[in-house]
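Starting from the known structure of chain A, arrange chain B on it as the hints suggest.
There are 2 protein chains.
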Amino acid sequence: MQFPSRLIEHAVEEISKLPGIGKKTALRLVLHLLKNDVSVSESLASSISSLRKNIKYCQRCHNISDGPLCAICSNPRRSHNIICVVEDLPDVLAIENTGQYHGSYHVLGGIISPIDGVGPDDLNISSLVNRVAQAEFPIEEIILALSPTMEGDTTAFYLTKKLQPYNLKISSIARGVPIGGELEYADEITLGNSILRRRNYESEH
Amino acid sequence: MQFPSRLIEHAVEEISKLPGIGKKTALRLVLHLLKNDVSVSESLASSISSLRKNIKYCQRCHNISDGPLCAICSNPRRSHNIICVVEDLPDVLAIENTGQYHGSYHVLGGIISPIDGVGPDDLNISSLVNRVAQAEFPIEEIILALSPTMEGDTTAFYLTKKLQPYNLKISSIARGVPIGGELEYADEITLGNSILRRRNYESEH
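Going down the list, the sequences are from chains A and B. According to the numbering used here, the first sequence is numbered sequentially starting from 1. According to the numbering used here, the second sequence is numbered sequentially starting from 1001.
Think about it this way: if two alpha-carbon atoms lie no more than 25 Å apart in a straight line, the pair counts; the simulated BS3-like pairs of lysine-lysine are:
hint: 1; chain 1: A; residue 1: 17; chain 2: A; residue 2: 35
hint: 2; chain 1: A; residue 1: 23; chain 2: B; residue 2: 1017
hint: 3; chain 1: B; residue 1: 1024; chain 2: A; residue 2: 53
Quick caveat, the hints were computed from the structure, so don't treat them as lab data.
With the rest of the complex left out, here is chain A (with noise of 0.2 Å):
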């Protein structure tokens, strides 16, 4: 597709590289941006712009957050002695979105899958067993809620054997949600019932 403009080309070029957005659907974009005002296209660029620039990670869950601890590390009204521990953003949006979570979090930013190379240390697990070791009020429980396929599987055995000698209960989410899914894309019923009927990690195995 040729076009009458160098910006109109760079524009469409830059938003069809976003994931499932094609060149059609891309100048579709920026015709409704041109008709609309600049201030539109304004802040649409400064939010993208600043998003990437100024996004944090929580020091001691490793959530996304706008300062050093996030909102739900620093909610006094969360309940900080159990950590749910999730993969990464999307599930502890999903989960949030459930409601039925009172409990602090913990993103491990990735799972442990030897085919894609990702090992444990690539991973926030440490900083995991120490925010146990180190815990201000003793942590009470862990709940893993990692995607219920072989990486995850992985991911929770090797994490059970870290958290042994703490002595504290560990539990995953139940298995109400549809194995070899992935976790975001789970309806919150399924997922929010997985969290309450959550089973004792040993009574599994």
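Positioned in the frame of chain A, the structure of chain B alone reads:
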């Protein structure tokens, strides 16, 4: 949906204002940007920002342009004695992509539509008449490439009235059954019209 960061919330809000993009898709795009290098977000943001801020409209045909005259109007190899009148920019792009037209354009910037409160004075019609009246080389033909709707027909009727004094050929793009389509699925009005406006076989080949 609740977000752990105002930056994310703001970006999702801004992106989901775009047509056809909901909050879930916006979040997916935001997470994509967060996973990638800061330069990806920066070049996306700057292309969006400079698009709307620096875009110009061709002084002659009102097409989108990087300078005072658009790439088509300033191209000496195009026939500037033929003007194709279109409603808006996507129509220029669509006709350019056929590779069948080598004349110039005139972008009306809309179509006469009393229901939407769009009258002839809201469109680039007087500039078209001026262009025909004051042309360096006389304009030989005006092709009306307007949508085959009531509004398109109204606009075409108004334009032919306005252009009548200048003694030039005024044509309209052919209407009929789309090439490659099944005849039985064509709507009655199109099919009926295509019988009334049938052409001699030889003249087409």
